[in-house]
Amino acid sequence: MKSIVLGQYYPADSLLHRLDPRVKLVSTFVYIISLFIVKDLPGYICVTVYLLAAVILSKVPPVKMLRGLSGIIFLMLITVIVNLFTIPGTPLLSFHGLHITVEGVYSAVRMMLRLVYLITGSSVMTFTTTPSALSDGLESLMKPLKIFRVPVHDIAMMISIALRFIPILSEETDIIIKAQKARCADFDSGNMVKRAKAFIPVLVPLFVSAFRRANDLATAMEARCYRGGDTRTRMKPLLYSGRDYLVYAADLALVTLCIMTRVML
Amino acid sequence: MNTIIEVRDLTFSYDDGSSGKPVIKGISFSVEKGGFIGIIGHTGSGKSTLLQLLIGLLKPRSGEILFDGEDIFSKGYDLKKLRSRVGLVFQYPEYQLFEENVFKDVCYGPANLGLTRKECELRAYEALKSVGLSDDCFYASPFELSGGQKRRAAIAGILAMKPEVLVLDEPTAGLDPAGRREIMNLILKLRKERDITVILVTHSMEDMASCAEKILVLDNGQIGYFDTPAKVFSHTEELESIGLSAPAVTYIMMELRKRGMDVPTDVIRPEDARDEIIAAFARRKA
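Line by line, the protein sequences give chains A and B.
With the first letter of the first sequence counted as 1, position 30 gets the number 30 in this note's numbering; the numbers rise by one all the way through.
With the first letter of the second sequence counted as 1, position 142 gets the number 407 in this note's numbering; the numbers rise by one all the way through.
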């Protein structure tokens, strides 16, 4: 059988892989906030150091990370162009009534860096954390919301089940497409409407099977006395260790430094 | 008899590139027109993969498949036409039914061939009749039918394209004994009536023994045996070592012989076994 890689988890044995998922979630959050705090060179240096350290510690090949950027090239291009031409200030170049200003160049560079850092930083987390660990971490972090009667456990269970079903359904889709192709279905020719219509014979069986599987899963869970909620214990409870606190300290340092660059310089 | 399908040195792997472990390892065989080939093999031996290769749903790493003398993987080969001539019934085909009623669903295949509506409906009617579904099922939702009925509706969906070769991947899986018998009888009936070539994958050695003219044993992507059922099932121990077996009746004959009864052990059909045992008793009396 074909193995389907979920998300973009990159299996390796690194410090970042072993970190508690909660730490990674919080750190990513802190990192993104810092990214939006900084404005000048010293601030960017702080963020760059933090990001580089994370990339190196993750043991994920940098080429793999950069490949993730290819999806946002178009967005980056638009951002750069808009920034280049629309920010008023000291003119640098001008042609056909369009002006490029010094401020525009600075702003374009800043915006592009911000985008690149944003994507790379969050992909460090998805590269080093399995989807199920992420949903565990999320559940644990959202626990305080229980006071407001948010069904935290149910949400986390839904996320895990959804993630679990992705490879199953994608395999099923593959089989159904093949089976309809065996009945001479044509998915690759005709206009947009025709192509979209060609997928009805795939989508209907897929939905039917998704409901059937959901039903079976619910029965299987009930047969094993699943009642949801508070009484459930974990096989692998999330526990903080020394390195997790160290990373929290690094997060605190990062956000403090970033605020200082804004306030003091 | 002329050859309709010829497989030559076929190798296939699910991973890209040449590094991946091949699922099909350089196999060659040919299928005669009008023949009945049974394919057996343990789970993961590459049976389903081989079937999908036969109608060009997968691309091999190397090797070729000739249908009517033409390589189906050559550039510009009309795969759609191939799939109308070689009908593949997938495992659990009832999960691919999608239309609001059975009749419309069976029309899907012929409609894809670009036939007129009238022609499609004629073919659908004929196909549904030949799989033995009663008229009151025609306009029922496919989801209202029983397991066996659904399976027959799905097979009708393939038959409506009037294939010359019918390829079935475990058509009796998950059915009760009556349903299994119905489907096997249906396949035999179709073969007689329409003179089609059948390639059948099944785990039932009894079905193989009673229906197939030749059996192809797949073991880890390689051909173990490709011979008549009687010869293939004479290798009982070898078959067992690759997770297969001989038909139950063969074991009975072996046991009878062990207990001193003068019967041959190469019997694979219950009817033949009955005759042999009666003959043995007659010999003993004489």
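Source of the hints: derived by calculation from the structure; they are not laboratory data.
Model, not experiment: these values are computed from the prediction.
Yeah, the Cβ is synthetic: ideal placement off N, Cα and C, and Gly gets one too.
Be aware that one or more of the hints could be misleading.
Covered, in the sense of this in silico footprint (three residues per stretch, anywhere, with C-beta under 8 Å from a C-beta of chain B), are these stretches of chain A [said to hold, decoys possible]:
#1 174–181
#2 184–194
#3 205–214
Going by beta-carbon spacing under 8 Å, a handful of chain B positions derived as facing chain A [claimed, not checked]:
#4 Phe363
#5 Ile423
#6 Lys457
#7 Ile461
Q. Would the stated hint for Ile461 of chain B survive a check requiring a Cβ distance to chain A of less than 8 Å?
A. Because about 16 Å separates Ile461 of chain B from the closest Cβ in chain A, which is outside the 8 Å limit, the hint is violated.
(Q) The hint names Lys457 of chain B as touching chain A; please verify it with the least Cβ-Cβ distance against 8 Å. (A) With a closest approach of 24 Å, the Lys457 of chain B hint is violated.
Q. Do three or more residues of the stretch 174–181 of chain A come closer than 8 Å to chain B, measuring C-beta to C-beta?
A. holds (count 6)
Q: Under 8 Å, Cβ to Cβ, is where Ile423 of chain B needs to be relative to chain A, so tell me if that hint holds or is violated.
A: With Cβ-Cβ at 7 Å, under 8 Å, it holds.
(Q) Tell me if the interface restraint on Phe363 of chain B is satisfied: Cβ within less than 8 Å of some Cβ in chain A. (A) holds, 4 Å
Q) Residue count check for the stretch 184–194 of chain A against chain B: does it reach three with CB-CB under 8 Å? A) Our answer is that it holds, as 3 residues pass the Cβ test (under 8 Å) against chain B, meeting three.
Q. Are 3 or more residues of the stretch 205–214 of chain A near chain B, judged by a Cβ distance of less than 8 Å?
A. Holds, because 3 residues of the stretch 205–214 of chain A bring their Cβ atoms closer than 8 Å to Cβ atoms of chain B.
The structure fails to meet hints 6, 7 from the earlier list, while all remaining hints are met.
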